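S.K.: Quick mapping for you: the protein sequence lines, in order, are chains E and Y. So the first sequence is numbered by the numbering used here: it starts at 1 and just counts up by one. So the second sequence is numbered by the numbering used here: it starts at 335 and just counts up by one.
Hints in this document: simulated from the structure, not taken from any laboratory. Errors might be hidden in some of the hints.
Straight-line alpha carbon distances no greater than 25 Å define the calculated DMTMM-like cross-link-like pairs of lysine to aspartate or glutamate that follow [stated by the list, open to error]: (1) Lys269(E) with Glu350(Y); (2) Lys386(Y) with Glu264(E); (3) Lys400(Y) with Asp170(E).
All values derive from a computational prediction rather than experimental measurement.
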Amino acid sequence: MTDDRDRTSPRLALRQRTGPAHTRLLGFGSAQGNRVVTNDDMAKLVDTSDEWIRQRVGIVERRLADEDQSLVDMATAAGAKALANSGTSPDEVDTVIVATCTLVGGIPNAAARVADRVGIVQAAAFDLNAACAGFPYSVMVASDLIRGGSARKVLVIGAERFTDWVDWTDRANCVIFGDGAGAAVVAPSEEPMIGPVVWGSNGDLADLIYLRENRYVFQQGQSVYRWATTQIWPIAERAVAAAGLSLADIDVLVPHQANLRIVEALARKLRANGARAEMVVADDITYSGNTSAASIPLALDHMTAAGQVHSGDVMLLVGFGAGLSYAAQVAIAP
Amino acid sequence: MSNEDIQKGLAEIVEEVAGVAANEVTEEKSFVDDLDIDSLSMVEIAVQAEDKFGVKIPDEQLANLKTVGDAVNYIATNK
């Protein structure tokens, strides 16, 4: 039997949705463990020193999750604070995205449990793994879900628990990482307050950051450093241009907190190309360590609380890491 | 470009990246032991040397460039 229906003009016209034209960030929240691990503490575990770590990575101390504090616990606490800080009731939110690459087990995902615990009933909930680029990826997905009419408000959380994936005898890697969660509420807006994303990946460089023996986070430090210091600044500049702005308009630069030297190299390059000397640059890695997808929202929440970021500031978010993956976007501070 | 020119150009890069006086950057000096240049600064030096001399210096090659002379010879041979 042949099927001769004309597929180019369907018999039934389906409805498709569209949503509000513009979106914004509404507020931030974060959570970290109580275990503060100094560089001197690390020097008791492996052959390293405070001076070596400060010079190579820019970390003074890292914050680790408490023994009984899970990734979902931290994500829930950060998410609940972002809801409270933005004056958002859980019943206004219908979607939860958790950006993470360190969830042990993988089934079930983190997002559904976080949604349940913060009181968002029947939420569309999923995890997103773009490693250290996960937060800008998730903000863009959230924004487009709203603009596409699939979500009303979205709770976006970056959460990592590297404690579960660190080889505490590997001195090149164990000193770098921390645990934590940061969150933001993404909502409709009268004005455009989240710029277009510039994102992508270099899967050809996938073996630069991976789980050694499927167990321990490992990165080829020099090669990642080269990639991050030569390939990421053009992405950041394209995101500014895509938003219709110039580098001089940027008030706050929040790169993924991979390594303070990478952060400083990016700021130096952007300033050489037109960003202002007064541009505030996130350096949250100094006291948090590298927390992958959590690092940008942790910095946003800490900088907002510290008065370094003010409502209306033009922020440039730049994520980059395992994949290798990258994403950058401009957003206006809530 | 003579080896002398390469060394002079390399010394300028080392001074800019690592703050080591250019006249300290002589052929027999070890980047790590004598000039106190760490692995990440080596990457920055390599990236700038690639631009300046039109040569590829892959990361796996960096470990072999122990002295300034090693780097000068590598650049002279591969540019």
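S.K.: Could you run down the list of hints and mark each one as holding or not?
M.R.: Verification of the supplied hints:
Of the pairs offered as hints, the one joining Lys269(E) and Glu350(Y) holds, with about 14 Å between alpha carbons and a cut-off of 25 Å not exceeded. About 22 Å separates the Cα atoms of Lys386(Y) and Glu264(E), which keeps this hinted pair within 25 Å; it holds. Only pairs whose Cα atoms come within 25 Å are accepted, and Lys400(Y) paired with Asp170(E) is accepted, the gap being roughly 24 Å.
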